[in-house]
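Trainee: Residue numbers (my numbering), protein chains in the order written: chain R, 1 to 106; chain C, 1 to 375; chain F, 1 to 339.
Simulated from the structure, these hints should not be mistaken for laboratory data. No experiment lies behind these values; they were computed from the predicted model shown. No residue lacks a Cβ here, since even glycine has one placed at the ideal position from N, Cα and C. Among the clues, some could well be false.
[What the hints assert, rightly or not] Cut-off 27 Å, straight-line C-alpha distance, at most; resulting in silico cross-link-like pairs (DSSO-like, lysine-lysine):
{"hint": "1", "chain 1": "C", "residue 1": "K128", "chain 2": "C", "residue 2": "K250"}
{"hint": "2", "chain 1": "C", "residue 1": "K314", "chain 2": "C", "residue 2": "K332"}
{"hint": "3", "chain 1": "R", "residue 1": "K30", "chain 2": "C", "residue 2": "K314"}
{"hint": "4", "chain 1": "R", "residue 1": "K57", "chain 2": "C", "residue 2": "K250"}
{"hint": "5", "chain 1": "R", "residue 1": "K30", "chain 2": "R", "residue 2": "K8"}
{"hint": "6", "chain 1": "C", "residue 1": "K133", "chain 2": "C", "residue 2": "K158"}
{"hint": "7", "chain 1": "R", "residue 1": "K57", "chain 2": "R", "residue 2": "K43"}
{"hint": "8", "chain 1": "F", "residue 1": "K4", "chain 2": "C", "residue 2": "K108"}
{"hint": "9", "chain 1": "R", "residue 1": "K57", "chain 2": "C", "residue 2": "K244"}
{"hint": "10", "chain 1": "R", "residue 1": "K30", "chain 2": "C", "residue 2": "K158"}
{"hint": "11", "chain 1": "R", "residue 1": "K30", "chain 2": "C", "residue 2": "K250"}
{"hint": "12", "chain 1": "C", "residue 1": "K332", "chain 2": "R", "residue 2": "K43"}
{"hint": "13", "chain 1": "C", "residue 1": "K263", "chain 2": "R", "residue 2": "K8"}
{"hint": "14", "chain 1": "F", "residue 1": "K138", "chain 2": "C", "residue 2": "K128"}
{"hint": "15", "chain 1": "C", "residue 1": "K250", "chain 2": "R", "residue 2": "K8"}
{"hint": "16", "chain 1": "C", "residue 1": "K133", "chain 2": "C", "residue 2": "K108"}
{"hint": "17", "chain 1": "C", "residue 1": "K133", "chain 2": "C", "residue 2": "K157"}
{"hint": "18", "chain 1": "C", "residue 1": "K250", "chain 2": "R", "residue 2": "K43"}
{"hint": "19", "chain 1": "C", "residue 1": "K128", "chain 2": "R", "residue 2": "K30"}
{"hint": "20", "chain 1": "C", "residue 1": "K128", "chain 2": "C", "residue 2": "K108"}
{"hint": "21", "chain 1": "R", "residue 1": "K57", "chain 2": "C", "residue 2": "K263"}
{"hint": "22", "chain 1": "R", "residue 1": "K30", "chain 2": "C", "residue 2": "K244"}
{"hint": "23", "chain 1": "C", "residue 1": "K133", "chain 2": "F", "residue 2": "K138"}
{"hint": "24", "chain 1": "F", "residue 1": "K4", "chain 2": "C", "residue 2": "K314"}
{"hint": "25", "chain 1": "C", "residue 1": "K133", "chain 2": "R", "residue 2": "K30"}
{"hint": "26", "chain 1": "F", "residue 1": "K4", "chain 2": "C", "residue 2": "K332"}
{"hint": "27", "chain 1": "R", "residue 1": "K43", "chain 2": "R", "residue 2": "K30"}
{"hint": "28", "chain 1": "C", "residue 1": "K108", "chain 2": "F", "residue 2": "K138"}
[As the list claims (entries may be wrong)] Have a look at the derived ranges for each label pair, beta carbon to beta carbon:
{"hint": "29", "chain 1": "F", "residue 1": "N290", "chain 2": "C", "residue 2": "I4", "range": "53 to 61 Å"}
{"hint": "30", "chain 1": "F", "residue 1": "T131", "chain 2": "C", "residue 2": "K128", "range": "36 to 44 Å"}
{"hint": "31", "chain 1": "F", "residue 1": "D194", "chain 2": "C", "residue 2": "R187", "range": "29 to 37 Å"}
{"hint": "32", "chain 1": "F", "residue 1": "D254", "chain 2": "C", "residue 2": "R82", "range": "53 to 61 Å"}
{"hint": "33", "chain 1": "F", "residue 1": "I303", "chain 2": "C", "residue 2": "N85", "range": "49 to 57 Å"}
{"hint": "34", "chain 1": "F", "residue 1": "A147", "chain 2": "C", "residue 2": "I4", "range": "55 to 63 Å"}
[Said to hold, decoys possible] Covered stretches of chain C, as calculated for chain F (at least 3 residues, CB under 8 Å):
{"hint": "35", "segment": "54-61"}
{"hint": "36", "segment": "98-111"}
{"hint": "37", "segment": "340-351"}
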Amino acid sequence: MCLAIPGKIVELVDGQSEVGVVEVAGVRRKVQLGLLSEDMPIKGDWVLIHVGFALSKISEFDADEQMRLLSMLGEIDQAMEEVRGYGADVLGRESSDNHESRSRPN
Amino acid sequence: MRYIDEFRDPELIARASEEIDRLSDRSRHYRIMEVCGGHTHAIYRFGLKDILPENIELIHGPGCPVCVLPMGRIDDGLAIAREPNRIFTAFGDMMRVPGATGSPLEHKARGTDVRIVYSPADALEIAKRNPDKEVMFFAIGFETTAPSTALTLMSAKKQGIQNFSVFCNHVTIVPAIRAILDSPDMRLDGFIGPGHVSTVIGCRPYEWIARNEGKPVVTSGFEPLDLLQSIVMLLRQLQAGEAKVENQYKRVVPWEGNCAALKVMAEVFELRPYFEWRGLGFISQSALRIRDTYAPWDAERRYSVPETRVADPKSAQCGEVLKGVLKPAQCKLFGEECTPEHPIGALMVSSEGSCAAFYNYEHRKSLVTTISAVA
Amino acid sequence: MRFKDPQIEMSHGAGGKASRRLVEGLFAPLLLSGSSDRLADAANVEIGGATVAFTADSFVVRPLRFPGGSIGELAVNGTVNDLAVSGAKAHSMVVTFVLEEGLASSVLEAEVCAMSAALKRAGITMVGGDTKVVERGKADGMYITTAGLGSPIPGVHIDARTVRAGDKVLLSGPIGDHGITILLARAELDLEADLCSDTRSVLPMIEAMAAQAAPGIRWMRDPTRGGLATCLNELARDCGLSVELNEEEIPMRDQVRGACELLGLDPLHIANEGQFVAIVSPEFADIALNTVQLNDGGEEARIIGQIRAEPAGAVVVNTRYGGARIVDMLVGDPLPRIC
Chain R
1 MCLAIPGKIV
11 ELVDGQSEVG
21 VVEVAGVRRK
31 VQLGLLSEDM
41 PIKGDWVLIH
51 VGFALSKISE
61 FDADEQMRLL
71 SMLGEIDQAM
81 EEVRGYGADV
91 LGRESSDNHE
101 SRSRPN
Chain C
1 MRYIDEFRDP
11 ELIARASEEI
21 DRLSDRSRHY
31 RIMEVCGGHT
41 HAIYRFGLKD
51 ILPENIELIH
61 GPGCPVCVLP
71 MGRIDDGLAI
81 AREPNRIFTA
91 FGDMMRVPGA
101 TGSPLEHKAR
111 GTDVRIVYSP
121 ADALEIAKRN
131 PDKEVMFFAI
141 GFETTAPSTA
151 LTLMSAKKQG
161 IQNFSVFCNH
171 VTIVPAIRAI
181 LDSPDMRLDG
191 FIGPGHVSTV
201 IGCRPYEWIA
211 RNEGKPVVTS
221 GFEPLDLLQS
231 IVMLLRQLQA
241 GEAKVENQYK
251 RVVPWEGNCA
261 ALKVMAEVFE
271 LRPYFEWRGL
281 GFISQSALRI
291 RDTYAPWDAE
301 RRYSVPETRV
311 ADPKSAQCGE
321 VLKGVLKPAQ
331 CKLFGEECTP
341 EHPIGALMVS
351 SEGSCAAFYN
361 YEHRKSLVTT
371 ISAVA
Chain F
1 MRFKDPQIEM
11 SHGAGGKASR
21 RLVEGLFAPL
31 LLSGSSDRLA
41 DAANVEIGGA
51 TVAFTADSFV
61 VRPLRFPGGS
71 IGELAVNGTV
81 NDLAVSGAKA
91 HSMVVTFVLE
101 EGLASSVLEA
111 EVCAMSAALK
121 RAGITMVGGD
131 TKVVERGKAD
141 GMYITTAGLG
151 SPIPGVHIDA
161 RTVRAGDKVL
171 LSGPIGDHGI
181 TILLARAELD
191 LEADLCSDTR
201 SVLPMIEAMA
211 AQAAPGIRWM
221 RDPTRGGLAT
231 CLNELARDCG
241 LSVELNEEEI
251 PMRDQVRGAC
261 ELLGLDPLHI
271 ANEGQFVAIV
281 SPEFADIALN
291 TVQLNDGGEE
301 ARIIGQIRAE
311 PAGAVVVNTR
321 YGGARIVDML
331 VGDPLPRIC
């Protein structure tokens, strides 16, 4: 049910409108594109493949956005600590250092 | 590998882990269920339990289509395949799952033509290449896989391929989650929602969990960073006393789901009034069958089906483990009569079944006092 | 441990737990004489005061030809390698062919030529053989079995009982090439990749390593059927210690990773035909590694882990993020999964 892998469309098969060839780390496999008929992928698009069918297009924008959020995880914490160090947090309240200090990823 | 490796970045994983540490309330014990068998597998494969704090307990849910398939269905499928000139095709996951008369691989050893396929489309190809045989595809899976079976049936009809049929065991995920929440022994704080099922059905089908049951749901990807980020999002909701559905797996899951996939499913399938789930009993409106318009390709109508019903041994506690009420090791048969090599229940056969995952990854660790320090 | 399985299944030949049950439960107690219940790739036999290493192997592969090699080459290299990882230099071998009625002579000739070339490359002599023909429909074209003789490499003593906590695990090169190549060549899964079998003789690397580090070499194996995980699990059982691997250090080609991700396979269970794994004492580990790396074809060798005392009898893999998982022996054939 769950094993689905991102692959890049490297070819669209001539004469078969809903079939493409996808590549994953140098391994190629024919995939059926019929489930994406309302937004047909083109060569170069990345799709999620499950049992030989493309289930979804992968949004580069959302992937990048997610990486950005993840990279900020430690940093928001750090920024908050610095601001608290000035005696008040960003909302102007008194600082209360009520959590244990954590090691910083440096 | 793109869209995989970045979500396995060790430094970001360390940060996510620290954020989880920071967010979790030490005085609280969190019980979070991951519904999907694929998530269970990922948690073990990446050793994520070692990264989470002790007060976050991950409970394995029933989202394993192999695990919930009643044994009798396997016997039925193999009974059809045993006849001359028939070819039984199924995913690799099914090959070692035993029915009362044995597993597909065991039947193969006794002479039945049993073949592994990666895709239902490959099963159709086998039918095209073997016009003198009748090829049956033993279909399993939740809504992730059903659209592919549907499209394959549409293709068979369009191309007029008569020697192909599907034995349909597709089930739907929401009734399984409902069964969990209806269970009186269950106490859960939130859900790591299905990842790939959601690419098809979207996130709306889980809104009742948040609204009516007051539990947060975060649909999650399968890489370590996806799962950790989902836990961060759940903790944030729990801290704020919120309960809503959030989509962590945005890069792949559209909120509204996949329209085209839902359309082909509706074209080919309809809901069965009820279906038996192994371990969970009969659940209404929880499984798919092939519509009349595709009857010639429906193995259940084309062939006579014995309708075998096989009860699990009373001592096997698959149901309670499936619902997360019992841990695998608490089942009386675990590790003794029931091991991956001679499985009694399906949770031990499927590599993502809780019992098999627990046995392979944790049980053996727990047999000794210390694990050596990580290099 | 008597063998209780009611019939023979494919899993009994897959090199994992079922194979072990068959060998330990049926063949060994009834057929093997001598006090040794440790089953190694080759046996040391004393004849007239001389010690020779003696091995046997069989080769069943479909398709017969695949990118990077063929059944004939597997037969020669496999025999040489069995001897090499047992600490012996291959000297001579015999071969039997079981041929299927209807096999094209051109196919047979191609195999024999391949074997001839492989013999020269490996430096082993063929001294005899036998042929049988079976009816159409049997033998998948051809089956090959071999027996090989070799002389012990001076200074090398292979024994799982000498393995100690702190010893290093040395792997000669990337895993999974052969098994994935075969899987792809069968064309049942409709995958294509630029990948070929790694079949080759590992004797030159082992001889070079032995010349520099013989006293430190405790144990060796070629991770064929069942993959790295299976042979290291056997070691863990035999020496009563734990094998700890660092996932990051295990060399693997991208295509093998890709195919395994796609099919849900574990690369540690995939067969290799041109690699060896050695357990080397800490004092000799660096020089052993350097020597192998300097050898032609050994450039990708790595130290991939170490021996620990606990958890005894298990193989543990450290993931990159502070997690660990236990890797078991293969249960049956590696099966692709979709879940």
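Trainee: A separate judgement is required for each hint: does it hold in the structure or not?
Mentor: Going down the list of hints, with the structure as the test:
1. K128(C) with K250(C): Violated, at roughly 38 Å.
2. K314(C) with K332(C): holds (11 Å)
3. K30(R) with K314(C): Outside the cut-off at roughly 45 Å; violated.
4. K57(R) with K250(C): Measuring from Cα to Cα gives roughly 11 Å; hence the hint holds.
5. K30(R) with K8(R): holds (11 Å)
6. K133(C) with K158(C): holds (19 Å)
7. K57(R) with K43(R): The hint holds at about 12 Å.
8. K4(F) with K108(C): holds (20 Å)
9. K57(R) with K244(C): holds (25 Å)
10. K30(R) with K158(C): The hint holds at about 20 Å.
11. K30(R) with K250(C): Holds, at roughly 25 Å.
12. K332(C) with K43(R): The hint is violated at about 54 Å.
13. K263(C) with K8(R): holds (25 Å)
14. K138(F) with K128(C): Status holds; Cα separation ~26 Å.
15. K250(C) with K8(R): holds (18 Å)
16. K133(C) with K108(C): holds (16 Å)
17. K133(C) with K157(C): Holds, because 17 Å separates the two Cα atoms, which is no more than 27 Å.
18. K250(C) with K43(R): holds (22 Å)
19. K128(C) with K30(R): holds (17 Å)
20. K128(C) with K108(C): Roughly 22 Å separates the two Cα atoms, so the pair holds.
21. K57(R) with K263(C): Holds. K57(R) to K263(C) sits at ~17 Å (cutoff 27 Å).
22. K30(R) with K244(C): violated (39 Å)
23. K133(C) with K138(F): holds (22 Å)
24. K4(F) with K314(C): holds (25 Å)
25. K133(C) with K30(R): holds (25 Å)
26. K4(F) with K332(C): At roughly 24 Å apart (the allowed maximum being 27 Å), K332(C) and K4(F) satisfy the hint.
27. K43(R) with K30(R): Roughly 13 Å separates the two Cα atoms, so the pair holds.
28. K108(C) with K138(F): Status holds; Cα separation ~16 Å.
29. N290(F) with I4(C): 53 to 61 Å: Once the Cβ atoms are compared, 33 Å apart, the range 53 to 61 Å for I4(C) and N290(F) is violated.
30. T131(F) with K128(C): 36 to 44 Å: holds (39 Å)
31. D194(F) with R187(C): 29 to 37 Å: violated (52 Å)
32. D254(F) with R82(C): 53 to 61 Å: violated (42 Å)
33. I303(F) with N85(C): 49 to 57 Å: holds (55 Å)
34. A147(F) with I4(C): 55 to 63 Å: violated (45 Å)
35. 54-61: With 0 residues close enough to chain F, the hint is violated.
36. 98-111: holds (count 5)
37. 340-351: holds (count 4)
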